[in-house]
Amino acid sequence: MVSKHAETLVQLDNGKKIPPSGWKCEKCDLTNNLWLNLTDGSILCGRKFFDGSGGNDHAVEQFKVTGKPAYNFRISKRLTSQ
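Residue 1 is where the sequence shown starts when you use UniProt numbering, and the numbers rise one by one after that.
Possibly wrong hints are sitting among the right ones.
Derived EDC-like pairs: lysine to aspartate or glutamate, alpha-carbon spacing no greater than 16 Å straight-line [to be verified]: (1) K48 x D29; (2) K27 x D57; (3) K48 x E61; (4) K27 x E61; (5) K24 x D57; (6) K27 x D40; (7) K16 x E26; (8) K17 x D40.
Quick list of the computed label-pair ranges, beta carbon to beta carbon [claimed, not checked]: (9) T66 x G15: 15 to 21 Å; (10) F49 x K4: 26 to 32 Å; (11) T31 x D51: 32 to 38 Å; (12) D51 x D29: 18 to 24 Å; (13) K4 x G67: 20 to 26 Å; (14) T66 x I18: 16 to 22 Å; (15) P20 x G54: 21 to 27 Å.
It should be emphasised that the hints constitute simulated quantities derived from the structure, not laboratory data.
Ideal Cβ positions, reconstructed from N, Cα and C, are used throughout, including at glycine.
Produce the complete structure using the sequences and hints provided.
Structure below.
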């Protein structure tokens with residue numbers, strides 16, 4: 001069964017390989033509050049939380065720049081152990 005939201009999802013054949021670990025925002029290297037764009041494979045940080053912590057809005061900025069809907073999947077609050 002396919003979600004109605006995934007029926008029109010087109011994944012770009014851009015050669016991008018997503019590693020199984022060590023994920024970080026492609027713009028600022030944050031390792032928490034990460035979102036995977038299911039269309040182009042980019043991993044970007046999410047919005048800032050109400051207390052100022054969290055991400056730097058890079059996933060939102062990508063949407064604003066491209067104007068295309070981003071099919072994002074939250075991959076971690078705190079993904080990598082340091």
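Here's how the hints hold up against the structure:
A C-alpha spacing of about 15 Å is found between K48 and D29, which places the hinted pair at or below 16 Å, so the restraint holds. The hinted pair formed by K27 and D57 meets the criterion: a straight-line CA distance of about 10 Å does not exceed 16 Å. At most 16 Å may separate the alpha-carbon atoms for a hinted pair to count; K48 and E61 meet this at roughly 12 Å. Between K27 and E61, the direct Cα distance comes to roughly 11 Å. Compliance with the 16 Å bound is thereby established for this hinted pair.
Pair hint K24 plus D57 holds up; C-alpha atoms about 14 Å apart against a cutoff of 16 Å. Of the supplied pair hints, the one linking K27 and D40 holds, its CA atoms being roughly 15 Å apart against a limit of 16 Å. Straight-line distance between C-alpha atoms of K16 and E26 comes to about 12 Å, which keeps the hinted pair within the 16 Å bound. With a C-alpha separation of about 10 Å, the suggested pair K17 and D40 falls inside the 16 Å cut-off, and the hint holds.
As the Cβ distance of T66 to G15 is approximately 19 Å, the hint placing it in 15 to 21 Å holds. Under the hint 26 to 32 Å, the C-beta atoms of F49 and K4, about 30 Å apart, fit the expected range. Between T31 and D51 the beta carbon distance is about 18 Å. The supplied range of 32 to 38 Å is therefore violated. Restraint check, D51 to D29: a C-beta distance of roughly 21 Å satisfies the suggested window 18 to 24 Å.
Between K4 and G67, the C-beta spacing of about 22 Å keeps the proposed range 20 to 26 Å intact. As the Cβ distance of T66 to I18 is approximately 19 Å, the hint placing it in 16 to 22 Å holds. At about 24 Å, the beta-carbon gap between P20 and G54 stays in the expected band of 21 to 27 Å.
Of the numbered hints listed earlier, the single one contradicted by the structure is hint 11.
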